[in-house]
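**Student:** Listed here are the chains, written in short residue letters.
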Amino acid sequence: AQKITQTQPGMFVQEKEAVTLDCTYDTSDPSYGLFWYKQPSSGEMIFLIYQGSYDQQNATEGRYSLNFQKARKSANLVISASQLGDSAMYFCAMRELPGYSSASKIIFGSGTRLSIRP
Amino acid sequence: DAGVTQSPTHLIKTRGQQVTLRCSPKSGHDTVSWYQQALGQGPQFIFQYYEEEERQRGNFPDRFSGHQFPNYSSELNVNALLLGDSALYLCASSLSDGTAVQLAYGYTFGSGTRLTVV
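In the order they appear, the protein sequences are chains W and R.
Every letter in the first sequence is one number past the one before it in the working numbering, and letter 75, counting from 1, is 75.
Every letter in the second sequence is one number past the one before it in the working numbering, and letter 87, counting from 1, is 87.
Everything hinted at is true.
Heads up, incomplete: computed chain R residues facing chain W, CB under 7 Å, no partners named:
{"hint": "1", "residue": "43"}
{"hint": "2", "residue": "45"}
{"hint": "3", "residue": "56"}
{"hint": "4", "residue": "88"}
{"hint": "5", "residue": "104"}
{"hint": "6", "residue": "109"}
{"hint": "7", "residue": "111"}
List time: in silico SDA-like cross-link candidates among lysine to any residue, alpha-carbon distance up to 20 Å:
{"hint": "8", "chain 1": "W", "residue 1": "3", "chain 2": "R", "residue 2": "40"}
{"hint": "9", "chain 1": "W", "residue 1": "3", "chain 2": "R", "residue 2": "57"}
{"hint": "10", "chain 1": "W", "residue 1": "3", "chain 2": "R", "residue 2": "60"}
{"hint": "11", "chain 1": "W", "residue 1": "3", "chain 2": "R", "residue 2": "44"}
The hints are simulated quantities; they were obtained by calculation from the structure and are not laboratory data.
Being a predicted model, the structure only gives us computed values, none of them experimental.
Every residue gets a Cβ at the ideal spot worked out from N, C-alpha and C, and that includes glycine.
Use the sequences and the hints to build the structure in full.
**Tutor:** Below, the structure is given as structure tokens:
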């Protein structure tokens, strides 16, 4: 069965520093996708970055990068040069991909609350 | 281009009552998924609708039911409300077809309905 584990309930980071949010996953399917979402206090889930299980290179999106270590089943999010607006809940998520069907669901970890100190 | 719209934004119900939450998907999307997010936790998958049928279901009791209309909008119904049903209910829309990357980037969440059961 699919499972996502986030072991950091909360983190405090100084503004402009880099931060790494940990995520490990478990799946028996060879084809899957990994996501990171940001959820501010407003509640909306904001998509940050995606990594496919067959992607050879780590995904990057602006200040966000995903440190994908397939053998260790790890998909850590790295935020460079953190900003006050980065304070939010961050969720790691996974979706199994049977073929190209969207039928499979996305499952989420328990989240990490990131607080940026000025 | 409107994103995913959910209504109402907030709702207070009494234990034992029934509630209906509504979701309008992003323009062009045909699949709707519902999630329950208890305070301080990650979203839990309830079910997914495509072509007006429930395609997948998470570990939720039959008190949770849904519907999808021909225009792809969807409703989530919860009967016999319990205090434990208090949560943020998120709707996500997506396309039923596409590459894995298209599916990943196209999965869009609404801002949610916050349900309080008293």
